[in-house]
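Heads up: the sequence lines are chains A and B, in that order. Per my numbering, the first sequence starts with residue 336, numbered consecutively. Per my numbering, the second sequence starts with residue 336, numbered consecutively.
Heads up, some of the hints might be wrong.
Short, incomplete list of chain A residues facing chain B, as computed with Cβ under 10 Å [said to hold, decoys possible]:
no., residue
1, M336
2, I340
3, I346
4, K348
5, N351
6, E359
7, E361
8, K365
9, L368
10, V369
11, F372
12, I375
13, K462
14, R608
15, G610
16, V611
No farther apart than 27 Å at their CA atoms in a straight line, the calculated lysine-lysine pairs in the DSS-like style are these [said to hold, decoys possible]:
no., chain 1, residue 1, chain 2, residue 2
17, B, K355, B, K423
18, B, K423, A, K612
19, A, K405, B, K423
20, A, K612, B, K355
Below, a sample of chain A positions facing chain B; criterion: calculated Cβ distance under 10 Å [what the hints assert, rightly or not]:
no., residue
21, D341
22, V343
23, P344
24, C345
25, T382
26, K457
27, N459
28, F461
Since the hints were made in silico from the structure, they are not lab data. If you're wondering where the values come from, they're calculated on a predicted model, not measured in any experiment. Don't be surprised by glycine CBs; every beta carbon is placed ideally from N, CA and C.
Number of protein chains: 2
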Amino acid sequence: MKLSIDCVPCILKTVNLASKLAVEDEQTRKEILVKAFQIISSNWDKTPIEISLEIHRMIRRSTGINDPFKDIKNKSNEFVRNLFPMMKKLVDVSREKLEVAVKLAIAGNTIDIVTVEFQDFKKNLFKTFRKKLAVNDYSKFKEAVSSCNNLLYFLDNAGEIYTDKLLIEAMLDIRNREFKNISIVVRGGPIVNDATYDDLKAVGLDDLPNTSIVFASNGEEGSGISPNSRELDDLINSHDLVIAKGMANYEVMENKRNIFFLLIAKCAPIAGRLGVKPGDPVLKYSAPR
Amino acid sequence: MKLSIDCVPCILKTVNLASKLAVEDEQTRKEILVKAFQIISSNWDKTPIEISLEIHRMIRRSTGINDPFKDIKNKSNEFVRNLFPMMKKLVDVSREKLEVAVKLAIAGNTIDIVTVEFQDFKKNLFKTFRKKLAVNDYSKFKEAVSSCNNLLYFLDNAGEIYTDKLLIEAMLDIRNREFKNISIVVRGGPIVNDATYDDLKAVGLDDLPNTSIVFASNGEEGSGISPNSRELDDLINSHDLVIAKGMANYEVMENKRNIFFLLIAKCAPIAGRLGVKPGDPVLKYSAPR
Numbered sequence: 336m337k338l339s340i341d342c343v344p345c346i347l348k349t350v351n352l353a354s355k356l357a358v359e360d361e362q363t364r365k366e367i368l369v370k371a372f373q374i375i376s377s378n379w380d381k382t383p384i385e386i387s388l389e390i391h392r393m394i395r396r397s398t399g400i401n402d403p404f405k406d407i408k409n410k411s412n413e414f415v416r417n418l419f420p421m422m423k424k425l426v427d428v429s430r431e432k433l434e435v436a437v438k439l440a441i442a443g444n445t446i447d448i449v450t451v452e453f454q455d456f457k458k459n460l461f462k463t464f465r466k467k468l469a470v471n472d473y474s475k476f477k478e479a480v481s482s483c484n485n486l487l488y489f490l491d492n493a494g495e496i497y498t499d500k501l502l503i504e505a506m507l508d509i510r511n512r513e514f515k516n517i518s519i520v521v522r523g524g525p526i527v528n529d530a531t532y533d534d535l536k537a538v539g540l541d542d543l544p545n546t547s548i549v550f551a552s553n554g555e556e557g558s559g560i561s562p563n564s565r566e567l568d569d570l571i572n573s574h575d576l577v578i579a580k581g582m583a584n585y586e587v588m589e590n591k592r593n594i595f596f597l598l599i600a601k602c603a604p605i606a607g608r609l610g611v612k613p614g615d616p617v618l619k620y621s622a623p624r
Numbered sequence: 336m337k338l339s340i341d342c343v344p345c346i347l348k349t350v351n352l353a354s355k356l357a358v359e360d361e362q363t364r365k366e367i368l369v370k371a372f373q374i375i376s377s378n379w380d381k382t383p384i385e386i387s388l389e390i391h392r393m394i395r396r397s398t399g400i401n402d403p404f405k406d407i408k409n410k411s412n413e414f415v416r417n418l419f420p421m422m423k424k425l426v427d428v429s430r431e432k433l434e435v436a437v438k439l440a441i442a443g444n445t446i447d448i449v450t451v452e453f454q455d456f457k458k459n460l461f462k463t464f465r466k467k468l469a470v471n472d473y474s475k476f477k478e479a480v481s482s483c484n485n486l487l488y489f490l491d492n493a494g495e496i497y498t499d500k501l502l503i504e505a506m507l508d509i510r511n512r513e514f515k516n517i518s519i520v521v522r523g524g525p526i527v528n529d530a531t532y533d534d535l536k537a538v539g540l541d542d543l544p545n546t547s548i549v550f551a552s553n554g555e556e557g558s559g560i561s562p563n564s565r566e567l568d569d570l571i572n573s574h575d576l577v578i579a580k581g582m583a584n585y586e587v588m589e590n591k592r593n594i595f596f597l598l599i600a601k602c603a604p605i606a607g608r609l610g611v612k613p614g615d616p617v618l619k620y621s622a623p624r
């Protein structure tokens, strides 16, 4: 998915948030905004995520701050950690455990400081949880969970990853057998509020059976797999169940096959692409050719 | 109020909306966005409204479309015209007619297609109407309405102007005597969804007793009074009751004296300036020195 002009105001909002978290000086923030727009306007053919990787690398260089969202990510994790027992109970007492877990994992995608204030997190999460899925490939998902051997799971935001843990645990429960291997993808370094290795460890996602961690690029050389890379295709093809959380992963992989996309369509361009309304929860399967 | 970096994403959102309403061609829209950013980044010391006047003049030049928001303004007017009898009744049956009318006029400032979808207009208007004023100089306002001779009224958006008519009628009712003169300020040409002479005529705001119309610049040479002009000061000083609707009028006149600002603080920079929360209704009096 190439950049739409509607992505630009949204990307710049995140740029301002990042630069404010990193530095106090207004002049520096203005210069960052101008540089960000230069990056955008000379990269119309790239995807929003590729442009963001480049922009946030520039912000790290311009401010000397490696992870401006560190505190926000920690607070997000703490916030959802406190909700975890309640969510786990919701799954445990339901007749269709996997469905509840999958809906919570999608609703978890609302935990995004870039679009929502902290005080609204809980309200938003459960409001979204109660919504009907606007694209609902759950029956295919359930079938895949039972029959697959290898799981590849692309994480999205900090905080949200507690709901990802809940979903993987529900999958193990339903299958009643381990995966031969689980590959979990996090950013190889900080970018906005995306989950990194520290978040993943804090949540205990590395303690699942037969699990290995794979790194995705945060825009820094050598930080991990890039969008549009051969490595990414190989990774996807070597697993029989692939789950990708959030809009950025959808942008990168919408044309690839055999992937379950779990996300909230937070903006008009993505909602339009999926044929849903902004704010709608989505479980979309891109079937093999 | 100078431009904040937080104004930039918001201004660009409006730019995209205007260019989409004006032309289909994506390349043209991208060029407009780039030109708009150039205007912004070489005018950091101006107010958001001054920059917007320049940007939307550029959009008219680039697209050849003089009034891309024409249909939207017509629909806004129709929408509020249909609500008018209900709002009038709300005023008529209340014990404090002027207070209800002033709160409806402030709530009318929510009718803004740039920030809200059509289907949410009614809900938003009445939700805001029921909110407590976050800045409340109503007692001074009531006193001024009774004692003044000349009214100067700066309009804001199309649609909203029905609530302005309601307020002026309630003022006439409470005073029980005409103003010596009423000067109503509209844009001298189209810009975004701001009310123009056509809207004002359709609403019948030119039929009030002793009324004259004053034009404010839409960015075109000779279209009307400019922000930061001597003419604007003279206009304000020649009236003893001055009402200014909406954020752009507040941006332009916040440092001037003896003005009642009626608005919804729709964005973080303005809300911060007023010490209120985004979405709060405000009736603020800037007293004479």
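Hint check results:
Violation of the interface hint for A/M336 is found here, the shortest Cβ-Cβ separation to chain B being roughly 14 Å, above the 10 Å cut-off. The interface hint given for A/I340 is met, as the beta carbon of that residue sits about 5 Å from the closest beta carbon of chain B, less than 10 Å. Interface restraint check: A/I346 against chain B, minimum CB-CB distance 8 Å, threshold 10 Å, status holds. Satisfaction of the interface hint for A/K348 is found here, the shortest Cβ-Cβ separation to chain B being roughly 4 Å, below the 10 Å cut-off.
Hint status for A/N351 relative to chain B: holds, with the closest Cβ pair at about 5 Å, below 10 Å. About 13 Å separates the beta-carbon of A/E359 from the nearest beta-carbon of chain B, more than 10 Å, and the hint is not met. For A/E361, the shortest C-beta to C-beta distance to chain B is roughly 7 Å, which falls under 10 Å, so the interface hint holds. With its C-beta approaching chain B no nearer than about 6 Å, A/K365 sits inside the 10 Å limit, and its interface hint holds.
Given the 10 Å rule on beta carbons, the hint for A/L368 holds: about 5 Å separates it from the nearest Cβ of chain B. For A/V369, the interface hint holds, the least distance from its beta-carbon to any beta-carbon of chain B being 5 Å, beneath 10 Å. Interface restraint check: A/F372 against chain B, minimum CB-CB distance 5 Å, threshold 10 Å, status holds. Because the closest C-beta pair between A/I375 and chain B is about 9 Å apart, less than 10 Å, the hint holds.
Here the hint on A/K462 is broken, as its CB sits about 16 Å from the closest CB of chain B, past 10 Å. Among the interface hints, the one on A/R608 is violated; its C-beta lies about 15 Å from the nearest C-beta in chain B, farther than the 10 Å criterion. Hint status for A/G610 relative to chain B: violated, with the closest Cβ pair at about 18 Å, above 10 Å. Hint on A/V611 is violated. Least Cβ distance to chain B is approximately 15 Å, over the 10 Å limit.
Our distance criterion of 27 Å between C-alpha atoms is broken by B/K355 and B/K423, whose separation comes to about 36 Å. This hinted pair does not check out: B/K423 and A/K612 have alpha carbons roughly 35 Å apart, beyond 27 Å. Taken as a hint, the A/K405 and B/K423 pair is broken in the structure, with Cα atoms around 53 Å apart against an allowance of 27 Å. For the proposed pair A/K612 and B/K355, the alpha carbon gap of about 19 Å is at most 27 Å, so the pair holds.
The restraint placing A/D341 at the interface with chain B holds, with a minimum CB-CB distance near 6 Å, inside the 10 Å limit. A least Cβ separation of about 6 Å between A/V343 and chain B falls short of the 10 Å threshold, and the interface hint therefore holds. Interface hint status for A/P344: upheld, as the beta-carbon distance to the closest one in chain B is roughly 4 Å, under 10 Å. Checking A/C345 against chain B by beta carbon gives a least distance of about 7 Å; that is within 10 Å, so the hint holds.
Annotation: interface hint on A/T382 violated; nearest CB of chain B at approximately 16 Å, more than 10 Å. A hinted interface residue such as A/K457 counts as satisfied when its beta carbon comes closer than 10 Å to some beta carbon of chain B; here the least separation is about 19 Å, so the hint is violated. For A/N459, the interface hint is violated, since its Cβ never comes within 10 Å of a Cβ in chain B; the closest pair sits about 16 Å apart. At its closest, the beta carbon of A/F461 sits 21 Å from a beta carbon of chain B; the interface hint therefore is violated under the 10 Å criterion.
In this structure, the earlier hints numbered 1, 6, 13, 14, 15, 16, 17, 18, 19, 25, 26, 27 and 28 are contradicted, and the remaining ones agree with it.
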